[in-house]
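Participant: Here is what each chain is made of, one letter per residue.
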Amino acid sequence: MSDTEKLATTARPVRTPLPPLVSASARIASFSAGDLMAPDGSAIDRRLFVDEGVYRLEQERIFAKCWLYLGHESTLPEKQSFFTTTMGEDPVIVVRDKTGRLRAFLNSCSHRGAKVCRVDSGTARFFKCPYHAWTFSTEGELIAVPRIGPVYGDSLDRSLHGLREVPHIDAFGGMIFASWDPEAPTLRAYLGDMAFYLELMNSRMDGGTEAIGGVHKWTINVNWKIPAENFAGDHYHVPSTHGAGIEMGFRSQLTNNGYCIQTGNGHSIGSERGGAQQGTAVQTEYDAFLKQMRSELVAKYGEAASAFVPIGVGTIFPNMSFLDSARFRAFRVWHPRGVDRIEVHSWCIVDKALPAELKTAVRRQYSLAFGPGGIFEQDDGDIWQSVQDALRGHVGRQGRFQYRMGLGREAPTAERYGPPFPGSCSDMLMTEANQRAFYRHYATVMADPTP
Amino acid sequence: MTADASTVALWQQLEAFYRAEVLLLQDRRYRDWLETMDPAISYRVPVTTSTMEGLVAREDELGYYDEDFELLKARVAKLESKQSWVEQPPSRLRYFVQVVDARRESATVVARSNLLLLQYRWNMEQQFSGERTDVLVPVDGGFRLRERRVVLDRQVLGKQGLSVFF
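The listed protein sequences derive, respectively, from chains A and B.
Mind the numbering: the first sequence is residues 14 to 464 in the working numbering, read in order.
Mind the numbering: the second sequence is residues 746 to 911 in the working numbering, read in order.
These are calculated hints, taken from the structure and not from any lab test.
Don't take each hint at face value.
Stated by the list, open to error - Coverage of chain B stretches by chain A, computed from C-beta distances (three or more under 8 Å per stretch; other residues unrestricted):
#	segment
1	761-772
2	788-794
3	814-824
4	829-843
5	896-902
By construction, the Cβ of each residue, glycine as well, lies at the ideal position given by its N, Cα and C atoms.
Work the whole structure out from these sequences, hints included.
Facilitator: Quick look at the structure:
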């Protein structure tokens, strides 16, 4: 039995798992929560995107606590394969150790802080710091200190000075996540009901998924929450922001037929019927492949299930987003680089069993639409940057953004699509329900514990 | 390289081709730019990965651009839209192309050039540098572009978005 089937057969109480309302008196950095947002998440203060104190607190409460996406297991094919990335602003090395186990370490020498690895990826037997040549194994142990006898005598216990290790690292369906929080729940518990939808997205073909080689990396001068909440469920922006992509036929005009589902813990997905990027221009065979996958899902769960191939666009709180469209599938992370800047890392994800020519075609469609020069991506980034610009001034940071669309229209997904489908769902595509859920969860993570 | 008459003629033809292309690109006359291409064009700007051997670009990996003629036409159609916000208002572009090597290879010419591109967009400015390797097919005293591979000199694009061709 696949994990999806196991999940589907588990009895599931019908409920609307909306995150709790925000308590107005709770403290978030130097603010009371009521100053920063409406209790139901339908209005968000502009200062949340520019305040340095809020940003510093996010590094502690969110990026040093939550499970963060690091990359795809397929990019670490053998023992001692590694890649570097960041968790929030903290640089990390992600490596398969000598036994093949996934490990992640702060990329900073335990002696005096220099990066022990200065490249994107490769294989390594050890990591040697260029500053004073302290050398660490792929298990993070300090294995060599130059002139240790003459300069330290017996005063340096090497076993106490390994690389700082990220305490929790785990993978779900090929997706590697890690958390700095020693008390973190399991990854499976953190993903919660989102795991069901990730399973639908990642297990369409036997053998699972893989990342096409190479990572798109680029920066955008915008606060990290703006793109994270956009991917959580901003379908309303498509007709305007992406008018050019509609005009030239890469995608059809957006209808209001579809779902926005939030599954708790700030995680969300949404999709128009049939998936994003349905259009007439430059088509590939991927469409036929998805039709086949859709009919298999319908055979398993009934006609309502046809809405879930492809699964859509979504955000795993805090900063991992995915886009499973009618033409390709992409994973990306919005790494914060200060309150007003992000570095985007983006991958094209394909089913391993897909024919090689189709993988190439899908890779090209992804770059055309959502690489850094993508005909959709380029307009998103341009507009997001202009949002941040407009918030910098004394007046620009006053007032609130509005998230009132579709207020009060959420109901259990199972009531609309049948029993296996968890979370709460709106009865139309163009709603801001997922953004409200994102910020309500954000507030619960950011608020000081009640005394 | 010996400066025999045929080599001099080849470099003159190449310089004429690249001069004309610079004007098309910096005036953003992309429909006319497509006319300079062979319909079998492969236009590729691979992502670069930082490794201990320096920046590497691999053919089976992602590209910033990874195009055939149809996909290039689709990009041009997008940029022509009045709703192509990234280029509303349009950028000022300045291309500097320096041919550094050229050789005849069977019925084609392979030319390597350095590219420097300065872009001033409504909300930012940025520059790109990289190395082009072009395969050109001789036609009627000029060339058509059959293949272009541009390796940029960095692995992270330092400013939002890419709305230019290389």
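Participant: Each hint: holds or not?
Facilitator: So, going through the hints one by one against the coordinates:
1. Counting residues of the segment 761-772 of chain B whose CB falls under 8 Å from any CB of chain A gives 0; the rule of at least 3 is not met.
2. For the segment 788-794 of chain B, the assignment as covered by chain A holds, since 3 residues bring a beta-carbon within under 8 Å of that chain's beta-carbons and 3 suffice.
3. Remark: the segment 814-824 of chain B is confirmed as covered by chain A, as 7 of its residues place a Cβ nearer than 8 Å to a Cβ of that chain, reaching the required three.
4. Chain A is given as covering the segment 829-843 of chain B, and this holds because 3 residues of the stretch bring a CB closer than 8 Å to a CB of that chain, at least three being needed.
5. Here's how the segment 896-902 of chain B fares: 3 of its residues keep a CB closer than 8 Å to some CB of chain A, so the rule of at least three is met and the hint holds.
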